[in-house]
Amino acid sequence: MNAVARFLRKVGFLIRRRKFDAELEEEMRFHREQQAMEFQSDGMSLEVAHHAARRQFGNDTRLHEQSREVVSFRGEVLLQDSRFALRQLRKNPGFALTAVLMLTLGIAACLALFAFVDAALIKPLPYKDPTRLADVAESVRVFPRSNLSWEDYHDWKKLQKVFTDFDVWTGAGFLLNTPSGVQPVMGARVSAGFFTTLGVTPILGRNFRPGEDSPSAPRTALITWATWQQRYGRRSDIVGQIATLDGTPTTIIGVLPREFHFALRGRADFWTPIQELNGCEKRRSCHNLYGVARLKDGVTVKTALADMKSIAVQLEKQYPDSNRGQGAAVVPLSDAIVGDVRPIFLVLFCGAALLLLIACVNVSNLLLVRAENRRREMALRGALGASRGRLVLQWVTEALVLVIAGSALGLGAAWGTMNLLLRLIPTDVLDYMPYLQSMSLNPRVLGFAGFVSLFAVVVFSLAPSVRLSSSNLRADLAEGGRGAAGTVWRRFGSNLVVIELAIAVVLLVGAGLIVRSFYHLLHVELGFQPDHLAMLEAGAPEKTYAKPEQQVQLVRQILSKMQVLPGVQYAATTSDPPVSGNGNTTWIRIKGHPYNGEHNEVNERDVSADYFATIKARLISGRFFTDSEDATKPKVVVINQALAKKYFPGENPIGQKIGGTDLAPDSLREVIGVVDDIRESSLDEEIWPAVYHPFNQDPDNYLEVIVRTSQAEQSVLPALVDAIRKVDPNIGTRNEQSMMQRINDSPTAYIQRSAACLVGGFAALALLLGVVGLYGVIAYSVSQRTREIGVRMALGAQRSSVYQLILKEAGLLTVLGVAAGLACSIAAATFMGKLLFGVRSWDLLTLTSVALLLGFSALVGSFIPARRAASVNPVDALRAE
Amino acid sequence: MARKTDLLPGTLDMLILKTLTRGSLHGYGIALSIKNLSDDILTVEEGSLYPALQRLLLQGWVKAEWKSTETNRRARYYTLTAAGRTQLSHELSQFEQMIAAITRVLQGA
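Heads up: the protein sequence lines correspond to chains A and B, in order.
Each residue of the first sequence is one higher than the one before, counting from 1 in my numbering.
Each residue of the second sequence is one higher than the one before, counting from 882 in my numbering.
Mixed in with the good hints, there may be bad ones.
[What the hints assert, rightly or not] Once the Cα atoms are required to be at most 30 Å apart in a straight line, the calculated DSBU-like pairs of lysine-lysine come out as:
| # | chain 1 | residue 1 | chain 2 | residue 2 |
| --- | --- | --- | --- | --- |
| 1 | B | Lys944 | A | Lys561 |
| 2 | A | Lys282 | B | Lys948 |
| 3 | B | Lys944 | A | Lys19 |
| 4 | B | Lys899 | A | Lys19 |
| 5 | A | Lys646 | B | Lys944 |
| 6 | B | Lys944 | A | Lys726 |
Think of the hints as simulated: they come from the structure by calculation, not from any bench.
Make a model of the complete structure from these sequences and hints.
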């Protein structure tokens with residue numbers, strides 16, 4: 001084969017490259033000498049003959065090079081160039097280090113954030129055909145996505161024509177018997193087809209079978225992979241084991257796949273079918289479920305929504321009491337899961353991308369300056385026979401070497417950053433973003449890294465190549481490295497700095513806005529004193545404490561044990577602690593007020609007598625509960641200020657009666673007090689009207705215990721757990737923490753804080769890079785203008801006017817950069833609007849401070865070169881040329 | 882000064898192969914031979930012979946050998962191989978076809 005023979009010959013040449021070169025050299029010399037002898041015999045002098053022979057022969061270096069290219073492999077040139085590039089970079093370690101460091105920084109930030117975006121938004125959910133899944137819910141005015149009721153679900157399921165499968169789930173907590181006592185565990189209850197709808201098959205055992213969600217079916221549960229791992233030590237005979245949940249022996253029938261997660265529920269270790277209906281599920285007006293459905297082929301989410309809406313309207317007519325105002329909400333399941341975090345991840349990713357851009361621009365500028373300084377070298381190589389393509393290739397190779405180094409380091413740094421960031425996320429938050437745990441340097445992320453590197457190589461080789469194509473060999477050779485700064489550099493280099501500064505402004509404004517928003521968030525009016533509050537969740541077994549009197553008795557016992565603990569000032573319980581979020585609502589109606597039949601949705605909290613004193617809430621009028629107000633006494637209620645304003649405008653609410661929508665006699669409660677608004681909502685939500693019922697009149701066996709302590713919160717937590725265990729070892733406790741911790745780790749605060757940290761970090765780096773870039777440009781400009789400055793000073797220019805000259809140049813660039821940046825950031829801030837709390841995207845304070853900060857930093861950055869310019873000694877400057 | 886005529890592109894390889902049909906020659910000999918045979922009309926930029934020779938070596942159309950010249954200097958002599966002969970006849974027939982076509986066009990116009 002010809003090609004094979006050619007290849008073998010090439011290999012032969014490669015092995016004997018030195019010999020090849022020597023032989024070629026010898027035969028060319030022979031040729032020239034013969035020619036020269038010929039010319040001599042024609043009567044030329046020795047010297048002239050040699051000259052003529054040489055001219056006739058042509059450029060021997062280039063010819064040698066060409067001959068070599070014929071026989072060499074394509075990659076060899078690249079290898080040579082890379083070796084040369086490395087040598088060049090080693091000769092100038094400052095440049096190489098700066099460039100690689102900047103690239104590493106930019107690439108690492110960009111890749112790490114891309115990995116987050118990938119895990120959250122790009123990677124498909126771990127279900128079969130996840131794009132065909134929809135989240136199905138009811139909808140009321142105050143909750144666009146609110147729970148389904150069990151009976152509504154059954155009607156919807158019967159009447160719908162758009163889904164192939166339609167199932168429901170609800171969160172649940174179980175008390176699990178373990179060798180070390182009873183522990184509360186998180187779980188979920190689902191209709192039997194739930195996992196089939198998702199298309200999830202257990203890796204061990206089997207799925208729930210149709211009909212297993214009836215009260216008569218034997219008790220069964222599926223467990224997650226993590227539970228199998230941590231609680232059961234991966235035992236292979238797990239299927240068929242019995243777990244005692246809430247005192248009921250339950251058979252474990254399977255283990256869910258490792259990659260399975262269901263972010264909407266957060267953490268759920270045990271999944272059981274909805275068998276025994278709880279009190280809520282028996283009433284059409286009580287909503288505690290969410291639906292998951294698979295769309296029929298060809299059916300869009302919009303069509304499905306229309307279908308559900310028409311069913312809701314039908315039910316509204318059929319059951320006006322319970323279903324008035326109950327609409328429908330259908331969204332793609334992925335939207336329900338990541339819709340909230342999408343904007344924050346995108347904003348963070350954009351921040352990182354901007355940082356990378358600024359790093360690239362900075363490195364380009366360095367390369368451009370280098371190209372400028374190496375004009376003479378390039379001209380010389382051109383004159384010695386290097387083709388233009390060959391010179392461009394040299395630049396490309398240098399860029400490639402830089403980018404490869406930067407990418408490799410950046411990839412490593414990104415991996416470290418990803419893991420660090422992931423570890424910094426509190427588990428509570430991670431439970432609701434389980435998809436982040438699957439974050440890795442997968443092919444998508446690596447592909448993105450490749451794309452970024454390619455982009456960088458193109459940008460970096462573009463700059464010097466532009467320089468090269470507009471250069472004039474002869475002029476460059478004559479002028480060499482001296483003389484005025486090249487016009488090309490002036491045109492490109494300084495514009496690049498404007499771009500850099502503008503990006504820095506955008507990032508600074510973004511960071512400023514987020515920090516301000518975070519500050520507002522942490523300083524919202526809470527309506528109580530969050531310091532020195534310790535809290536925990538407790539669950540008492542339903543079987544032992546079934547009757548309300550037993551539950552009341554239990555809580556009295558627990559609280560009296562706690563009150564005598566050292567350091568504890570007050571102890572109380574509530575159904576939901578403050579800052580949990582609006583929800584767990586009830587419908588109210590005021591006796592004696594006109595009623596239009598609408599549902600008046602208000603937060604309901606069941607609290608013990610000392611609750612308000614414990615959290616130091618402020619009484620506006622009337623009184624709080626006493627411990628003796630239990631089922632034997634008339635029913636009472638404390639309302640918050642928002643409820644008083646909304647439902648009793650211009651009236652004294654004390655003494656009025658509040659009841660359910662039907663004003664049934666046993667639902668009526670007398671208002672005995674008005675409390676200042678306690679923030680039940682999460683930090684960024686608005687305050688809703690709320691009613692507080694005495695726990696003793698509305699008891700439960702799940703409680704949140706809160707105590708006010710004079711000591712550090714963490715130090716009393718173990719004693720609290722002990723006190724409860726002493727009352728009854730079968731009571732489970734979990735989530736022991738302080739109120740401050742709870743507020744700081746709440747998803748809203750957490751997301752804002754991490755966004756503030758990340759964007760703040762990006763902005764600080766961008767500011768640094770921008771100012772370094774400006775410094776570089778001005779310093780280079782000064783070095784190029786030394787002669788001009790010398791002449792000016794020799795002609796009598798004052799030092800102050802030299803300062804002025806340089807600072808004016810820097811000032812113009814800064815002003816342009818800041819102006820462009822401010823314009824862009826107003827646009828960018830609108831894009832962030834959704835994330836901001838209490839700050840307008842067009843926040844004058846932020847914009848002004850950023851402009852001032854950047855202006856000042858730029859002044860400092862350009863002052864150093866200006867001083868150098870002003871201290872030029874005219875005699876030296878002129879002589880140096 | 883002699884009139885210089887640039888070679889038709891792609892013909893250098895053919896000229897070298899043809900020159901070598903008379904026997905082995907070194908690079909200088911090939912250049913000389915082309916010049917003389919064309920009555921000084923075809924002058925190659927002499928150095929460009931060498932990249933071309935490497936190409937022919939690589940293709941296996943010629944082979945090279947170091948020998949002494951009549952003046953007792955070391956020089957690399959190139960010899961046509963069998964494959965080179967086939968290639969030459971192939972190129973010649975193509976070239977003739979092309980020339981004939983060009984001639985027809987020029988005369989017909």
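Evaluation of the provided hints:
1. B:Lys944 to A:Lys561: Violated, at roughly 105 Å.
2. A:Lys282 to B:Lys948: It is violated: about 109 Å lies between the C-alpha atoms, which goes past 30 Å.
3. B:Lys944 to A:Lys19: holds, 16 Å
4. B:Lys899 to A:Lys19: With a Cα-Cα distance of about 28 Å, the restraint between B:Lys899 and A:Lys19 holds, given a limit of 30 Å.
5. A:Lys646 to B:Lys944: violated, 104 Å
6. B:Lys944 to A:Lys726: violated, 101 Å
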